[in-house]
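K.L.:
Read off the chains here:
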Amino acid sequence: MSYLEYTVKSVPTGLSKVLHLNWALVLLLTAVSSVGFLMLYSVAGGSFNPWAAAQIKRFVMGLCLMFTIAMVPIWFWRNVSGVLYAGSLVLLVLVELVGTVNMGAQRWIDLGFMRLQPSELMKITLVMFLAAYYDWLPTEKTSRPFWIIVPIIIIVIPTMLVLRQPDLGTSLLLLMGGAMVMFMAGVHWAYFAAVVAMGVGTITAVFQSRGQSWQLLKDYQYRRIDTFLDPASDPLGAGYHITQSKIALGSGGWAGRGYMQGTQSRLNFLPEKHTDFIFTTLAEEFGFIGAVSLLGLYALIIAFCIASALRNKDRFASLMTIGIACTFFLFFSVNMSMVMGMAPVVGVPLPLVSYGGSAMLILLIGFGMIQSAHVHRPR
Amino acid sequence: MKRKTADTVASHSRMTRRALFLGGSQLAFMGLLGLRMRYLQVDQADEFRLLAEENRINVRLIPPARGEIYDRNGVMLAQNEPSYRITIVREDAGDVESVISKLSTLIELDDDALNRAMTEIRRSSPFLPVTIAERISWEEMSRVAVNAPALPGVTPEVGLSRIYPMGADFAHVVGYVGPVSDYDLSKIEDPDQLLLIPRFQIGKVGVEARSETRLRGVAGTKQVEVNAIGRVMRELDRREGQAGDDLQLTIDQKLQSYVQARLGEESAAAVVIDVESGEILSINSSPTFDPNLFVRGISVADYSALTENEFRPLATKSVQGTYPPGSTFKMVTALAALEDGVIDSETTVYCPGHMTVSDRRFHCWKRGGHGHMNLEGALRESCDVYFYDIALKVGIDKISDMAKRLGLGVRHSVPMSAVASGLAPNREWKQRTYDQAWVLGDTVNASIGQGYVLSSPLQLAVMTARLASGKALEPRLVKTVNGIDQSVPFDEIPDLDVNPNHLRMVRKAMYAVSNDRRGTAYNQRIIEDRVRLAGKTGTSQVRNITAAERRSGVIRNEDLPWGRRDHGLFVSFAPFDNPKIAVAVVVEHGGGSKAATPIARDITLQALYNGDPPLESYPSKDRARIRAQQKRLREENPQIAGTTQDRA
Chain A
1 MSYLEYTVKS
11 VPTGLSKVLH
21 LNWALVLLLT
31 AVSSVGFLML
41 YSVAGGSFNP
51 WAAAQIKRFV
61 MGLCLMFTIA
71 MVPIWFWRNV
81 SGVLYAGSLV
91 LLVLVELVGT
101 VNMGAQRWID
111 LGFMRLQPSE
121 LMKITLVMFL
131 AAYYDWLPTE
141 KTSRPFWIIV
151 PIIIIVIPTM
161 LVLRQPDLGT
171 SLLLLMGGAM
181 VMFMAGVHWA
191 YFAAVVAMGV
201 GTITAVFQSR
211 GQSWQLLKDY
221 QYRRIDTFLD
231 PASDPLGAGY
241 HITQSKIALG
251 SGGWAGRGYM
261 QGTQSRLNFL
271 PEKHTDFIFT
281 TLAEEFGFIG
291 AVSLLGLYAL
301 IIAFCIASAL
311 RNKDRFASLM
321 TIGIACTFFL
331 FFSVNMSMVM
341 GMAPVVGVPL
351 PLVSYGGSAM
361 LILLIGFGMI
371 QSAHVHRPR
Chain B
1001 MKRKTADTVA
1011 SHSRMTRRAL
1021 FLGGSQLAFM
1031 GLLGLRMRYL
1041 QVDQADEFRL
1051 LAEENRINVR
1061 LIPPARGEIY
1071 DRNGVMLAQN
1081 EPSYRITIVR
1091 EDAGDVESVI
1101 SKLSTLIELD
1111 DDALNRAMTE
1121 IRRSSPFLPV
1131 TIAERISWEE
1141 MSRVAVNAPA
1151 LPGVTPEVGL
1161 SRIYPMGADF
1171 AHVVGYVGPV
1181 SDYDLSKIED
1191 PDQLLLIPRF
1201 QIGKVGVEAR
1211 SETRLRGVAG
1221 TKQVEVNAIG
1231 RVMRELDRRE
1241 GQAGDDLQLT
1251 IDQKLQSYVQ
1261 ARLGEESAAA
1271 VVIDVESGEI
1281 LSINSSPTFD
1291 PNLFVRGISV
1301 ADYSALTENE
1311 FRPLATKSVQ
1321 GTYPPGSTFK
1331 MVTALAALED
1341 GVIDSETTVY
1351 CPGHMTVSDR
1361 RFHCWKRGGH
1371 GHMNLEGALR
1381 ESCDVYFYDI
1391 ALKVGIDKIS
1401 DMAKRLGLGV
1411 RHSVPMSAVA
1421 SGLAPNREWK
1431 QRTYDQAWVL
1441 GDTVNASIGQ
1451 GYVLSSPLQL
1461 AVMTARLASG
1471 KALEPRLVKT
1481 VNGIDQSVPF
1491 DEIPDLDVNP
1501 NHLRMVRKAM
1511 YAVSNDRRGT
1521 AYNQRIIEDR
1531 VRLAGKTGTS
1541 QVRNITAAER
1551 RSGVIRNEDL
1561 PWGRRDHGLF
1571 VSFAPFDNPK
1581 IAVAVVVEHG
1591 GGSKAATPIA
1601 RDITLQALYN
1611 GDPPLESYPS
1621 KDRARIRAQQ
1631 KRLREENPQI
1641 AGTTQDRA
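Protein chains in written order, with this note's numbering: chain A, 1 to 379; chain B, 1001 to 1648.
Worth flagging that the hints you see were computed from the coordinates, not collected in a lab. Be careful, since some hints might not be right.
[As the list claims (entries may be wrong)] So the derived label-pair ranges between C-beta atoms look like this:
no.	chain 1	residue 1	chain 2	residue 2	range
1	A	223	B	1116	48 to 56 Å
2	B	1421	A	199	24 to 32 Å
3	A	176	B	1297	51 to 59 Å
4	A	221	B	1105	51 to 59 Å
5	A	149	B	1046	50 to 58 Å
6	B	1179	A	221	30 to 38 Å
7	A	96	B	1483	50 to 58 Å
8	A	223	B	1181	27 to 35 Å
9	A	96	B	1112	52 to 60 Å
Positions of the beta carbon are idealized from the N, C-alpha and C atoms, including for glycine.
All chains, please: the whole structure from these sequences, using the hints.
P.N.:
This is how it looks when you write it as structure tokens:
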């Protein structure tokens, strides 16, 4: 069903929209973010500076942004999604040209009051544009090869740009987020099966060729892959962080060591303790119970989003909602796997909890879209 | 665009199915995350909590044992020896000054080293250990260990340090190690973590430097638990590193030590090459220095004594020094002319004692001239005019090509420091370098190894070995790496691509140089038939002789200041009929070839007899002097006799 087919009149207008917001979701988001404030306060050694206060300010700003976006009808967002996507792409190219070089990776454009990471913006706009694409595309064409290639191009261009920065984590998130929207849109199973088979084939070929006469990569590239996959083989580099991280997690035990009781001196070994590795502090101080509770909150957020999407008869709205929810899911699952030593360290923050302005704002903008879809759903 | 209701309903139901599938998968993954948390936080909690609560974990590098260096017979040239040192950690010591004054009552502290350590302590991070005393004895070390409680932050440590048992004899070949400097680091693009360890030692000169990556090995790591004051409690995990490769050089220690002793305090260099393999049997430069001084940290006085010595002990003259080869270059000119066909063995040139080219008069060393000379006579008596003449016929470019074919003017790849490429000039080179055209006078000068021609003793030895073997052999210094043979079989060495008849003519003339009564090295001949020597003398000028000086009589070398005297050179191979070794000797400002020839003869015999030769090899008039010399060298340098020390 499309917006052209229902009467706009049945959609709430004016201030009554506020009543139709998905308040449970707002509550959940606030809860998760509050966990973040707590942890940032603790990591700073019991101080609002330098992280917690700034994070709260950004959260309030983001919340306002979310409400504003939620008030704007979803069909407006659908209509401008192409422009938003193109804008993000331009910014990505721009960051390539004028971006400040930071830690060897060109990621942000300095706007003065904040550093804008176009790759973060792209996570939302890519999903929106893909949703709009499938909303426009007649469903019977969904699985035709030509109409498969178009979204692949839409996904691959920003992915490659982000990979060039280089930011492996975000580019993986973009790729997988895009693929999930395509999956939801009903692209035939066979395509996904083929991609998975090809991927597995390539990886086996690369590893099989090692040491053979037809070796596909250079020796040093294999060594890099080795340390990437098994950080423990590089005990002074990535492996060091993973060891420290696992000790912090493990020492939390069932109930944790208590708030602010985590041995901060040890966490000083983790250079990203307030960003990518913040989960370790949580797990150390609140233990298994705390960690699982956070996981539960995340799960509830996903569940509410999927429920909202399924109740929404508008194709764009539901695709977008699920797409953003999936991106959110990828965010925290990759981060947690990484911190727990289940995945290579790729540099993905814990959504809403890790310190970081752009990520927080962008996520809340995304949830603003989900709210807008929820408020303006056809009834 | 209006869609059919059935269609939208179908797509919506498909979407619902897929959403449930996706949601289900996500839930399953979250379940997995939960399980992992449970595993880490509940199942392994006790272990981790112990680690976290009581200890800090520290990752430390285990420096690999540096590869050792042996000679061809397994005599140790560079080895690792346990050494004790005392380190201090500022953070743990608190009042550094008082701790050090307490320490100085227990062991003797060197003021120099102490000052250095104090600057380092102030400069580096408070938690990094700084060495305050090195190479202390076991007794001193145990005294410190016993008093450890009274000395906070002080730790006695055992490490490996490098020593060179053969000392000065191998200083220029093996080189030495020293602590990594900022300059070293700036030259390396991706420094090994090991290099960041304070005072980690790397090769600075010679084989130690040029084979650094092989010798260094790969660092291991250990994870240790340390308590609050940084003391290691126990080791958690250990990854063994890989010791450096052991290198066996082609050098024969006995010969090398002999040559060093024989060169004595002359400013000289000598190279001995095995004619059948290109293996360098000895490569010396004198005067030399004790590399062990550098490992320990050389004192300012010792260092300035080395740098201010006008004989330049620190320079590796054997590979780094380049000299006009003088008459030793005449074989090159002769072969170039023979190969070009402009002369044969019977072509004669009349030598009146000089030759005029482009209005300039070029002299032969013999004022009255040699008269009619053929190839053999010209080489034997070193007639300059003969070579002026044939060089003008064959042209510089072909001479230059021949020089390069014989190994002059090319950089040989041996793992020593500052290996020079020398110079075998041609027209193109002069145009490029000086932007001037080559003139005939340049050819005349080059024909007798003067002018622009430059070569190192190593290159001269390679040239001689190639002449003797007819093979394009390359000098080699490394015999085995970790026991794996690196040598190239004789059959696999490419041919020199020079007509064997021409080579034979040149060798015969070289034989005459030292065995014909008229030869320039006849006085330093070997009379033992089995080891007859074939060689060529060379005297290279380092100054111009003016016309005025020529009229009033050329000043004798002995009357000139040392730095203005002629260089003495001699190249030779032996035995003549079955060449085994090639020798090149250069004596800087030796006053002529007579300074080099006796040294080359002694070295040749020493190498062929693998020790002192029977006196009967020498002409009878020399025997008494040689006997005294052998006795003196042996007494002053016991290592010449070889050592009983084996690689076991």
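K.L.:
All the hints need checking, so say for each whether the structure fits it.
P.N.:
Now the hints, each set against the structure:
A hinted range of 48 to 56 Å for the beta carbons of residue 223(A) and residue 1116(B) is inconsistent with their spacing of about 38 Å. Range check, residue 1421(B) to residue 199(A): Cβ separation about 53 Å, and the 24 to 32 Å hint is violated. Evaluation of the 51 to 59 Å hint for residue 176(A) and residue 1297(B) yields a pass: the beta carbon distance comes to about 58 Å. A hinted range of 51 to 59 Å for the beta carbons of residue 221(A) and residue 1105(B) is consistent with their spacing of about 58 Å.
Between residue 149(A) and residue 1046(B) the Cβ separation comes to about 55 Å, which falls inside the hinted range of 50 to 58 Å. Checked against the given bound of 30 to 38 Å, the beta carbons of residue 1179(B) and residue 221(A), roughly 33 Å apart, stay inside it. The beta-carbon spacing between residue 96(A) and residue 1483(B), approximately 53 Å, falls within the hinted interval of 50 to 58 Å. Between residue 223(A) and residue 1181(B) the Cβ separation comes to about 28 Å, which falls inside the hinted range of 27 to 35 Å.
In this structure, residue 96(A) and residue 1112(B) meet the distance hint of 52 to 60 Å, their C-beta atoms being roughly 55 Å apart.
The structure shown violates the earlier hints numbered 1 and 2.
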